[in-house]
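Novice: With chain A held as given, fit chain B onto it using these hints.
There are 2 protein chains.
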Amino acid sequence: MKIALPQINYYVGNISRNCEAIIAAIQKAKSQKADLVVFPEHAICGAYPQDLLEKEYFVNDCRLAIEKIAAQCDTIAAIVGAPNLDLEDGILYNAVFFMYGREVRGGVNKCILSDYDTLDESRYFIADEENNALFYQQQRIRVLFDEYEANAIQKNDDIIIHVGVTPFTRENIRYRHDTFADIARKHGKTVISLNHVGANGSLLFDGNTFVFNEKGELCLQLSAFEEDFAVVDSRKLKPIPDKVADAQDIAVLHDALIRGIRDFFHKNNFKKAILGLSGGIDSAVVAALAAEALGASNVLGILMPSKFSTDHSVTDAEDLVKNLGINSEMFPIKDMYDSFLNTLHPMFKDLPFNVAEENLQARVRGVLLMAISNKFGHILLNTSNKSEAAVGYGTLYGDMCGSLSVLGDVYKTEVYQLARYLNREKEVIPVNTITKAPSAELRPGQKDQDSLPDYETLDKILKLYLEDNRSRKEIIAQGFPVETVERVFTLVNRCEYKRAQCPPILKVSKKAFGHGRRMPLTYQI
Amino acid sequence: MKIALPQINYYVGNISRNCEAIIAAIQKAKSQKADLVVFPEHAICGAYPQDLLEKEYFVNDCRLAIEKIAAQCDTIAAIVGAPNLDLEDGILYNAVFFMYGREVRGGVNKCILSDYDTLDESRYFIADEENNALFYQQQRIRVLFDEYEANAIQKNDDIIIHVGVTPFTRENIRYRHDTFADIARKHGKTVISLNHVGANGSLLFDGNTFVFNEKGELCLQLSAFEEDFAVVDSRKLKPIPDKVADAQDIAVLHDALIRGIRDFFHKNNFKKAILGLSGGIDSAVVAALAAEALGASNVLGILMPSKFSTDHSVTDAEDLVKNLGINSEMFPIKDMYDSFLNTLHPMFKDLPFNVAEENLQARVRGVLLMAISNKFGHILLNTSNKSEAAVGYGTLYGDMCGSLSVLGDVYKTEVYQLARYLNREKEVIPVNTITKAPSAELRPGQKDQDSLPDYETLDKILKLYLEDNRSRKEIIAQGFPVETVERVFTLVNRCEYKRAQCPPILKVSKKAFGHGRRMPLTYQI
Chain A
0 MKIALPQINY
10 YVGNISRNCE
20 AIIAAIQKAK
30 SQKADLVVFP
40 EHAICGAYPQ
50 DLLEKEYFVN
60 DCRLAIEKIA
70 AQCDTIAAIV
80 GAPNLDLEDG
90 ILYNAVFFMY
100 GREVRGGVNK
110 CILSDYDTLD
120 ESRYFIADEE
130 NNALFYQQQR
140 IRVLFDEYEA
150 NAIQKNDDII
160 IHVGVTPFTR
170 ENIRYRHDTF
180 ADIARKHGKT
190 VISLNHVGAN
200 GSLLFDGNTF
210 VFNEKGELCL
220 QLSAFEEDFA
230 VVDSRKLKPI
240 PDKVADAQDI
250 AVLHDALIRG
260 IRDFFHKNNF
270 KKAILGLSGG
280 IDSAVVAALA
290 AEALGASNVL
300 GILMPSKFST
310 DHSVTDAEDL
320 VKNLGINSEM
330 FPIKDMYDSF
340 LNTLHPMFKD
350 LPFNVAEENL
360 QARVRGVLLM
370 AISNKFGHIL
380 LNTSNKSEAA
390 VGYGTLYGDM
400 CGSLSVLGDV
410 YKTEVYQLAR
420 YLNREKEVIP
430 VNTITKAPSA
440 ELRPGQKDQD
450 SLPDYETLDK
460 ILKLYLEDNR
470 SRKEIIAQGF
480 PVETVERVFT
490 LVNRCEYKRA
500 QCPPILKVSK
510 KAFGHGRRMP
520 LTYQI
Chain B
0 MKIALPQINY
10 YVGNISRNCE
20 AIIAAIQKAK
30 SQKADLVVFP
40 EHAICGAYPQ
50 DLLEKEYFVN
60 DCRLAIEKIA
70 AQCDTIAAIV
80 GAPNLDLEDG
90 ILYNAVFFMY
100 GREVRGGVNK
110 CILSDYDTLD
120 ESRYFIADEE
130 NNALFYQQQR
140 IRVLFDEYEA
150 NAIQKNDDII
160 IHVGVTPFTR
170 ENIRYRHDTF
180 ADIARKHGKT
190 VISLNHVGAN
200 GSLLFDGNTF
210 VFNEKGELCL
220 QLSAFEEDFA
230 VVDSRKLKPI
240 PDKVADAQDI
250 AVLHDALIRG
260 IRDFFHKNNF
270 KKAILGLSGG
280 IDSAVVAALA
290 AEALGASNVL
300 GILMPSKFST
310 DHSVTDAEDL
320 VKNLGINSEM
330 FPIKDMYDSF
340 LNTLHPMFKD
350 LPFNVAEENL
360 QARVRGVLLM
370 AISNKFGHIL
380 LNTSNKSEAA
390 VGYGTLYGDM
400 CGSLSVLGDV
410 YKTEVYQLAR
420 YLNREKEVIP
430 VNTITKAPSA
440 ELRPGQKDQD
450 SLPDYETLDK
460 ILKLYLEDNR
470 SRKEIIAQGF
480 PVETVERVFT
490 LVNRCEYKRA
500 QCPPILKVSK
510 KAFGHGRRMP
520 LTYQI
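Which chain is which? The protein sequence lines are A and B, in order. The opening position of the first sequence corresponds to residue 0 in numbering that gives the first Met the number 0, with each subsequent residue numbered one higher. The opening position of the second sequence corresponds to residue 0 in numbering that gives the first Met the number 0, with each subsequent residue numbered one higher.
If we strip away everything but chain A, and leave its shape as in the complex, we get (with noise of 0.2 angstroms):
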């Protein structure tokens, strides 16, 4: 059977958009004379409507497109992913439709729904109790949503297709591959594992649609961030070398940042985007990120120094700026941050200077950013990074503005990483950004190391409480420093409110600030 495989960017609650692009790829398949062509979970409202799934008439359009594309499904097969409303009993279904001869003819609905990080799944969708086959030219084909479907596998099946999608994480790519490699091993069927590309606001898809034979050989993978498609034979499928992407793969973070930035702009209609230029290796990296996604005539960069700034950090931005060939502006901060203190004199007296004043100097920065923002429809991306956002050394409303946060799932030293990554050709960021000690520049000689532990211990204490719930005693068995350790967990606990009001970050790791990860505002533990 010939098996026509689109992999699409999809946009969110956008019917009539996914419904067109789902039409233009069956269209495709029809020419490429492919028997059978598939859209994954979601395909018609994008990943992830939430709580537009809520709302009645979201749900009857969803269906009014199904109808509109099993029209076009005359000399071919569908199978497209949408929520599947049973008129009897009004429950809801996670599914798929399965369409030919201009009709739609039956489906598949997920049996085992998903509850965990940024999934929902319960909230909207009643889980099936049975996953009934598919049949089409005497093949029977096994819809799963997800691996823990694999038991329903039967031994009469003849091709396997995963219609579940997930989001990105830099774990994620080479976990199903090797989990649908495994299940096409085990079974001996052919297992095609489908998947979104592109980013909807915080989540991104990474594509990669793979293909395996029997013995579990990859056949075929997909673009990784790019649309894509590809006609397979399922009797006739070939192996080629595993190229598969592992989490460490910096290149495939780099490249994830790049979809995001260029999805949320795009899939907005935004076209320019603004940011603050400290010298710094974050706001460098953010900027680096952009100009490559946006094009370098898209982005504006600030600089905005006061007298606690260094002169380097004038001029490494400026090489940046040079390096990158983007635009910028410098608007020195001291008028604006002089004239707050002078207006609050009377209340603030002779108190000494403290966190008040340095987070005024962000504030102002914010403040400017923002104008520039709501005078040129400029977007402000946000740069903070996930260690700072951790331990709270940030300030709200200050450099914790922005309406995108590119950076806000990437710890420091993965920060560095991919700085030496976008200079792998050439100097792109400034070297002395790079080598300099990171500070923020709100005091006289202010180190991050002045009230952080080293980049490097705290990204691990970081990743072990973060990611993998690990307890102070956990924590403190495998080495490290017992004040560092509880002093961690305290940044962490008490900033709850602070990443509360944080931007929207792109999600890379396993475990993101954001929907993904709900805590408490306060807590004692």
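Because the hints were derived from the structure by calculation, they are not lab data. Using N, Cα and C, we set each Cβ at its ideal position, and we do this for glycine too. Wrong hints could be hidden among the right ones.
[To be verified] Partial list, computed: chain A residues near chain B (C-beta under 7 angstroms):
id, residue
1, Lys54
2, Tyr56
3, Asp114
4, Asn267
5, Asn268
6, Ser327
7, Met329
8, Lys333
9, Phe339
10, Met346
11, Val366
12, Asn373
13, Ser470
14, Pro519
15, Tyr522
Specialist: Just chain B, lined up with the frame of chain A:
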């Protein structure tokens, strides 16, 4: 059987504190010769622990607390809510433990999990298959986690205890009363419906523990929004008059918000609040509520007039300060505003005044408030209302700043009702603040109604869309003008990004912005 019903203000994640409160209540129950004392679901960990439940050590600590409490149960039995980890198969249940003779003797696990609005039980728990009765002193006790489990009730049950708790909404008190009165009547059994009391972040619990006799007559109602304690003899219940609050009751809304502010400060060890006073109704009502919740001397109002502020904006705010007896300071924003405009002039040149300058004023105010907050440790209260939050009528990092949004789930028309309620005995909110046309005063002569439908209409449309999930078509069919409905939908849909960064909102309706409403950042519907 004499049953003690402690209605406790639990702290999320603070196991040791909750454990102490429970043990103190057990001592009190023993001193009053109770046979049984009941603590509802999540008593040990507070509602709701959220992803704390994903930490193995947290669940273990809950279990240790249960053992400690059981050791107190010598002459009394206790039912205590806590997560129940089945060590054999690693399954976590939402449970109550049953203990007497100083030991845990069993318990009941929840059988139908809740996954809607703010609740994500399938994320953490597995539903148990069977609801087992508990036996004590020849009594057969049926424990229900919610009304959907009522079909577990059997003829030979002696008493029904509802241990599930539900976040406060204005509709919920009456709903819970009627639902469990019905269950009592239908099954001819005594029914006790427990609840937590107090606020944890956004979520409130109203208390109002109910006891119904087998005719469904109300025989006991504990306090609303206050801790309480009672011992009832299940064989000697006498009906009392039904004074249960209805959804329209503005006093309940008032009391809920007071509790929310008070617990937010108290549980986080905050003492003093700060807020901006514009002379408008929203900030006036928040100031009055804060003064009542925290004491007038703990509230600091900041007046920040601009050249667009009308005279009455200052005089109305001053009258409010006088009426409430709170502290205040005035800082005109002119110098700071001008300093930003001067700095930006090389870039803005002679481009016309627009949203950039409007937002700039709001942001200068936000920075001033945050500077004072940082300097003196006062906590900034946000004053946006639900109508504004819905249509995006607010400035990110400006008037959308704050640690807690007091009115973010209160429509503008309800803010007026609150103002009149606050004035029920004497003028608290200046009459001119109530009678004048609402305005953001960010440009000359601006009025809210220049760009928004009148609030009576707006709030009705918003309620139909946000809370009832009605479509444009259905709302228009109810007689609202097509253009108004279209405009409201557009405004709501395009402002998800703003609400994604707003402060935590005290939830008082069945659908508040925040954790219980999960929408994609952008969508086309």
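Novice: Each hint: holds or not?
Specialist: Cross-check of the supplied hints:
Given the 7 angstroms rule on beta carbons, the hint for lysine 54(A) holds: about 5 angstroms separates it from the nearest Cβ of chain B. Checking tyrosine 56(A) against chain B: minimum C-beta separation of about 4 angstroms stays under 7 angstroms; hint holds. Checking aspartate 114(A) against chain B by beta carbon gives a least distance of about 4 angstroms; that is within 7 angstroms, so the hint holds. With its C-beta approaching chain B no nearer than about 5 angstroms, asparagine 267(A) sits inside the 7 angstroms limit, and its interface hint holds.
For asparagine 268(A), the shortest C-beta to C-beta distance to chain B is roughly 9 angstroms, which exceeds 7 angstroms, and the interface hint is violated. Because the smallest distance between the Cβ of serine 327(A) and any Cβ of chain B comes to about 11 angstroms, over 7 angstroms, the interface hint for this residue is violated. Checking methionine 329(A) against chain B: minimum C-beta separation of about 10 angstroms lies over 7 angstroms; hint violated. Interface restraint check: lysine 333(A) against chain B, minimum CB-CB distance 9 angstroms, threshold 7 angstroms, status violated.
The criterion of a C-beta within 7 angstroms of any C-beta in chain B is met by phenylalanine 339(A), whose closest approach is roughly 6 angstroms, and the hint holds. Look at methionine 346(A): its Cβ gets to within about 6 angstroms of chain B, closer than 7 angstroms, so that hint holds up. The interface hint given for valine 366(A) is met, as the beta carbon of that residue sits about 5 angstroms from the closest beta carbon of chain B, less than 7 angstroms. Here the hint on asparagine 373(A) is kept, as its CB sits about 4 angstroms from the closest CB of chain B, short of 7 angstroms.
Interface hint at serine 470(A): satisfied, since its Cβ lies 4 angstroms from the closest Cβ of chain B, which is below the 7 angstroms cut-off. The beta carbon of proline 519(A) is positioned within 7 angstroms of a beta carbon in chain B (closest approach about 4 angstroms), and the interface hint is therefore held. Hint on tyrosine 522(A) holds. Least Cβ distance to chain B is approximately 3 angstroms, under the 7 angstroms limit.
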